[in-house]
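2 protein chains.
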Amino acid sequence: MKETLSHTSIEPLLEHLTKSFPLNEKEKELVREKFHSRLFRKRQFVLQEGDVCTQFNFIVRGCLRSYKIDEKGNVHILQLAAENNWINDLGSFHHVKPSALNIDALEDTVVLQISRDDLISLYINAPKFDRIFRVLIENGFIHLQERLLQNISSTAEERYQSFLDLYPHLINRLSQVQIAAFLGVTPEFLSRLRNIRSKSAKPTKS
Amino acid sequence: MKETLSHTSIEPLLEHLTKSFPLNEKEKELVREKFHSRLFRKRQFVLQEGDVCTQFNFIVRGCLRSYKIDEKGNVHILQLAAENNWINDLGSFHHVKPSALNIDALEDTVVLQISRDDLISLYINAPKFDRIFRVLIENGFIHLQERLLQNISSTAEERYQSFLDLYPHLINRLSQVQIAAFLGVTPEFLSRLRNIRSKSAKPTKS
DNA sequence: CGCGACGTTGATTTGCCTCAACGATTGTGG
DNA sequence: CCACAATCGTTGAGGCAAATCAACGTCGCG
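One line per chain: the protein sequences are A and B, in this order.
Here the working numbering is used: position 204 in the first sequence is 204, and no number is missing along the way.
Here the working numbering is used: position 157 in the second sequence is 157, and no number is missing along the way.
Hint data in this document are derived by calculation from the structure and do not stem from the laboratory.
Watch out, some of these pointers could steer you wrong.
Unchecked claim - No farther apart than 25 Å at their CA atoms in a straight line, the calculated lysine to any residue pairs in the SDA-like style are these: (1) Lys199/A <-> Leu164/A; (2) Lys128/A <-> Asn85/A; (3) Lys19/A <-> Leu149/B; (4) Lys28/A <-> Arg131/B; (5) Lys26/B <-> Asn125/A; (6) Lys128/B <-> Lys72/A; (7) Lys128/A <-> Leu23/B; (8) Lys97/A <-> Leu144/B; (9) Lys72/A <-> Gln161/B; (10) Lys26/A <-> Ile114/A; (11) Lys199/B <-> Glu157/B; (12) Lys42/A <-> Arg131/A; (13) Lys72/A <-> Ala156/B; (14) Lys128/A <-> Leu30/B; (15) Lys19/A <-> Asp118/B; (16) Lys26/A <-> Pro127/B; (17) Lys72/A <-> Glu146/B; (18) Lys128/A <-> Ile120/B; (19) Lys19/B <-> Lys28/A; (20) Lys72/B <-> Pro98/B; (21) Lys97/A <-> Lys19/B; (22) Lys72/A <-> Lys19/B; (23) Lys97/B <-> Ile142/A; (24) Lys128/A <-> Asn24/B; (25) Lys19/B <-> Asp117/A; (26) Lys68/B <-> Gly184/A; (27) Lys72/A <-> Leu30/B; (28) Lys68/B <-> Ala126/A; (29) Lys19/B <-> Leu90/A; (30) Lys68/A <-> Lys26/B; (31) Lys128/B <-> Arg131/A; (32) Lys97/A <-> Ile142/B.
Sequences and hints are given; from them, build the entire structure.
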């Protein structure tokens, strides 16, 4: 990966935003002005528990996770976010209060960030962003709802299958430990799940 | 409960909306024009699995639940919503596709409804509603995220305690069956949980 | 009044966790 | 570039939280 971010294009973000609604030149200029790129190395923190989440993060390249550590020290991954995805702690961001979450990098990752103040000024300068971010958050809400539904109504095996369907681009980029923490099972149990599956799966080439 | 809805006030909704941002008279008039009240009797469906969710529902009085029925016939409650809360299937509503959820009434319930088309016209006629609904959905997102976090990182007992803390106004209005379906445990197990708790809880009056 | 939903309790089962051990891989400092 | 440590993925044995199945008294409602 390049060491310098000077050539990091804001194009992926503009493209992503215009998917909801077309932007005029003034609005594009606002985006170019308010968002700033930043590189996070693998394992580097983007947000640490106890800190206030001050930035909205759009991922240009790489992969981040948000997670909570429970009192026993177990890691529970709330979100996995790769290219063209958003990640932050919305509650901490909006209410300007300490976050219970950590966000860190699973790979070297380039993000485009906007601060809370700049986002608010974006809303004020161009109300279209109210609409765009409304739609973005609606989509996030829908995705979160499906994950919760999955979580409360499925077995670990079904959740694993669902993960394979929904995150095909990530299965070869993440360790089993991370996948297990996302599914909400131990790595040992995920290993057993995969083992059982591979035995029962298409014994065609016998 | 009154049989007629003719006197149902739209005031609770206006009050709720102005909590985010003040509305001018024109905007209030739009709300009065676009929202319509409706009564659902206990056990009546507001939305049935397979149907498209065409309405945004704001609860004036009563209590609704959204839930999914899994292949074994078990009920999993996604949301419990009482006075001054919103409930719908946002995914079905926005993408105009069949819902996987049911919504029905746990009590006789009065809601104020707005259709998808009317909501869109609201956004077009007064962009402030883009902002208001952005904030509403942000709050819904934050709440949903906390629920998911709770769900993946806590035991049934902790979730029950959390429910007592977060929904004090509902504990005496819901049957244990409903609470269990919300917590994601069987009614039998919830009964045992309560039993153990009441034994270990303050033996002050001995 | 009768019937179906509710809340409880007991016995048994099960899905997943815990702890422990191992070889294979990764990565890192010397 | 090697040596050592750390992490990873796997497997086994045992344990626990919660589900399942069954039975029974109670209560609200039609």
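Quick rundown of the hints versus the structure:
1. With a CA separation close to 17 Å, the supplied pair Lys199/A and Leu164/A stays within the 25 Å bound.
2. Under the criterion of a C-alpha separation no larger than 25 Å, the hint pairing Lys128/A with Asn85/A is consistent with the structure, at around 20 Å.
3. Distance check on the hinted pair: Lys19/A and Leu149/B sit about 30 Å apart at the alpha-carbon level, beyond 25 Å; violated.
4. In summary, the hint linking Lys28/A to Arg131/B is supported, as the alpha carbons are separated by about 20 Å, within the 25 Å threshold.
5. Our distance criterion of 25 Å between C-alpha atoms is met by Lys26/B and Asn125/A, whose separation comes to about 23 Å.
6. Proposed proximity of Lys128/B and Lys72/A is contradicted: the alpha carbons are some 45 Å apart, above 25 Å.
7. Using a Cα cut-off of 25 Å, the hinted pair Lys128/A and Leu23/B holds, with the two alpha carbons roughly 19 Å apart.
8. For the hint pairing Lys97/A with Leu144/B, the CA-to-CA distance comes to about 18 Å; that is within 25 Å, so the pair holds.
9. Between Lys72/A and Gln161/B the CA atoms are separated by roughly 18 Å; this keeps the pair inside 25 Å, and the hint holds.
10. Proposed proximity of Lys26/A and Ile114/A is supported: the alpha carbons are some 17 Å apart, at most 25 Å.
11. Only pairs whose Cα atoms come within 25 Å are accepted, and Lys199/B paired with Glu157/B is accepted, the gap being roughly 14 Å.
12. A C-alpha spacing of about 34 Å is found between Lys42/A and Arg131/A, which places the hinted pair above 25 Å, so the restraint is violated.
13. The straight-line distance between the Cα atoms of Lys72/A and Ala156/B is roughly 16 Å, inside the 25 Å bound, and the hint therefore holds.
14. Between Lys128/A and Leu30/B, the direct Cα distance comes to roughly 20 Å. Compliance with the 25 Å bound is thereby established for this hinted pair.
15. Between Lys19/A and Asp118/B the CA atoms are separated by roughly 23 Å; this keeps the pair inside 25 Å, and the hint holds.
16. The suggested pairing of Lys26/A with Pro127/B holds, with an alpha-carbon distance near 19 Å, which does not exceed 25 Å.
17. With a C-alpha separation of about 19 Å, the suggested pairing of Lys72/A with Glu146/B holds against the 25 Å cut-off.
18. At roughly 14 Å between alpha-carbon atoms, Lys128/A and Ile120/B fall within 25 Å of each other, so this suggested pair holds.
19. Our distance criterion of 25 Å between C-alpha atoms is broken by Lys19/B and Lys28/A, whose separation comes to about 32 Å.
20. At roughly 21 Å between alpha-carbon atoms, Lys72/B and Pro98/B fall within 25 Å of each other, so this suggested pair holds.
21. Using a Cα cut-off of 25 Å, the hinted pair Lys97/A and Lys19/B holds, with the two alpha carbons roughly 20 Å apart.
22. For the proposed pair Lys72/A and Lys19/B, the alpha carbon gap of about 39 Å is over 25 Å, so the pair is violated.
23. A C-alpha spacing of about 13 Å is found between Lys97/B and Ile142/A, which places the hinted pair at or below 25 Å, so the restraint holds.
24. Note on Lys128/A and Asn24/B: the hinted pairing holds, with a Cα-Cα distance of about 20 Å set against a maximum of 25 Å.
25. At roughly 21 Å between alpha-carbon atoms, Lys19/B and Asp117/A fall within 25 Å of each other, so this suggested pair holds.
26. For the given pair, Lys68/B sits about 20 Å from Gly184/A by alpha-carbon distance, which is consistent with the 25 Å threshold.
27. For the proposed pair Lys72/A and Leu30/B, the alpha carbon gap of about 52 Å is over 25 Å, so the pair is violated.
28. Between Lys68/B and Ala126/A the alpha-carbon distance is near 39 Å, which puts this suggested pair outside the 25 Å criterion.
29. About 19 Å separates the Cα atoms of Lys19/B and Leu90/A, which keeps this hinted pair within 25 Å; it holds.
30. Note on Lys68/A and Lys26/B: the hinted pairing is violated, with a Cα-Cα distance of about 45 Å set against a maximum of 25 Å.
31. The straight-line distance between the Cα atoms of Lys128/B and Arg131/A is roughly 10 Å, inside the 25 Å bound, and the hint therefore holds.
32. Of the pairs offered as hints, the one joining Lys97/A and Ile142/B holds, with about 13 Å between alpha carbons and a cut-off of 25 Å not exceeded.
In the structure shown, a violation is registered for the earlier hints numbered 3, 6, 12, 19, 22, 27, 28 and 30, in ascending order.
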